[in-house]
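Chain A is already provided as a structure; the job is to place chain B with the ligand on it using the hints.
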Amino acid sequence: MSEPQGRPRPRKAAGPARPVYFNAGDVDRVMAIVLALSTEVAALRDRLDVHERIAASGAVPTPELVEAYLPDDAVQVARDAWRDGYIRRLFRVITEDVEALRGEQTG
Amino acid sequence: MGDQYRHALLSRPTVDEQGREAFLAAMRRFLISELYDGNKLAYERRQVPAFAAAHGRAPQTYLEVKSVMQEDPYFRAFSLLNRATQELLWDNVGESVERQLPALKRAAGEVPKAGGSLTLDPGLELPDYFTKVDIHVMPGSFHTELADKDDLYAGAVYDRGVYIYAYGGLGDKNAALGQGTVDCVRRRFPHLKPRKILDLGCGAGMSTLPLAEAWPEAEIYGVDLAAPMLRYAHGRSEALGVPVAYSQQNAAHTNFADGSFDLVLSNLLLHEIPQKVTRAVIAECARLLSPGGVMVHNDMVGWPTDPFQEFMAEWNAHHNNEPFERGSGTIDWVGACVAAGFAAEDVFLQPVDAAYMSEQLAFVGFRGAVKRV
Ligand SMILES: C[S@@+](CC[C@H](N)C(=O)[O-])C[C@H]1O[C@@H](n2cnc3c(N)ncnc32)[C@H](O)[C@@H]1O
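From first to last, the protein sequence lines are chains A and B.
Read in order, the letters of the first sequence correspond to residues 1 to 107 in the working numbering.
Read in order, the letters of the second sequence correspond to residues 1001 to 1373 in the working numbering.
Some clues are possibly wrong.
Partner residues aside, some chain B positions facing chain A, computed with beta carbon under 8 Å [to be verified]: (1) L1010; (2) P1013; (3) T1014; (4) Q1018; (5) R1020; (6) M1027; (7) F1030; (8) I1032; (9) Y1074; (10) F1363.
Cβ pair distances, simulated, as ranges [said to hold, decoys possible]: (11) E99(A) to D1148(B): 24 to 30 Å; (12) I33(A) to H1055(B): 35 to 41 Å; (13) K1132(B) to G58(A): 54 to 60 Å; (14) D28(A) to L1120(B): 36 to 42 Å; (15) R92(A) to R1187(B): 44 to 50 Å; (16) G25(A) to K1113(B): 51 to 57 Å; (17) S1117(B) to R53(A): 27 to 33 Å; (18) V77(A) to T1305(B): 38 to 44 Å; (19) K1193(B) to A68(A): 47 to 53 Å.
Hints were generated in silico from the structure; no laboratory data involved.
The structure displayed is predicted, hence computed values, not measured ones.
C-beta: ideal position from N, C-alpha, C; glycine also.
This is chain A alone, in the form it adopts within the complex (with noise of 0.2 Å):
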């Protein structure tokens, strides 16, 4: 329990407006790198689903197991549709978009 305080804490500094740091190209760089780390991610999944795949055939997944490991057409096909469904995941504001110009739902 906290005592009834007075008026609201100030969050705004009285003084010139605050600056601002970023200019165009700035975004640009900022999703540039939002989608190097997406690869990033991306590929992070793929080693992790070589480990999983390792320990499911009861081996222990060293490094160079990892590395020599070769996926078949179904690991394949299964990583394809993940990778689909998370660019979906991720570009969902942009899409949304070319939905609302078709007139579709969104939601």
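Chain B with the ligand alone, transformed into the frame defined by chain A:
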């Protein structure tokens, strides 16, 4: 995306590199087959009405289209993702190939010989148009070498990078372009039995090898300006058991004798060179062909005139570092061939539906001519 055919010179990515490449290939497919069409929708449903409200009419030139599209949030996001994917693609493939360079060089030295040859010309002058802009935003373009000796970096990056770029759409040996050219020649000239064939701007030889399959009796030659592409092409062809005589030469003036070839062709060369060089290449083809011989170039066959399509074509050329695309698409083909000595009736122009990226590459096909007997 299926697996690329593992010939001895193909780079062998690590698990992590494969994961990145697979993601970037999936991004390419997503951009082209899902996001791309949204641009037209954003234009028609959002930007045309806005422009019309202000000007009382729809945009009439591609520059007017540009003025509204560059403000469109969807188009901006699409453009950024497209460019960033492209840059990541080359960077990731580049890193993977750089790591493997010693092994790839060794592999090139160890492939069993198929009987082809490689003739380099270290004194060959590389034109400014070729070295000033890295085509496809591929850092270092085709000519940059990472080592003083036996370098094949650019070729190895191109072979792997194109496969990912097309998300496997050119087949497991990246042969679809060359195969398309073969099919065009066979259909148009069913009686042609070429004994000697020259591939101009052959690059890594991906489109050269289908020629040997189609005409196994023929001697196949390939020329390119870029030594690292040719070294790789040579190693790759030998690894795949196909003898090709590769040499480092400018397609606009080669050292072959007059009338040496029955078929002279190129794949995706003309849109990468200025119009003036294209005219010189056509003249060189006329000189090199034997009577009845055929010249064919697989590339752009026009340029859109619809303002939106033209804007997208311009945009693609710009975002992809393709400064000569418009010039290549708009050249007066018949006039250029006639100026090079072909008869107007012997010139042909055949647009095709690019099944792969059909919306975006609406103006691709074959342009050629036959040398009078
Ligand atoms: C887009 S690549 C196409 C390579 C190959 N034809 C293929 O289908 O895979 C274009 C090639 O043309 C070469 N090139 C550009 N200008 C050239 C010229 N003037 N003479 C010879 N080759 C040239 C480049 O080095 C590059 O390898």
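Legend entry - Hints not upheld, ascending by number: 1, 2, 8, 10, 11 and 17
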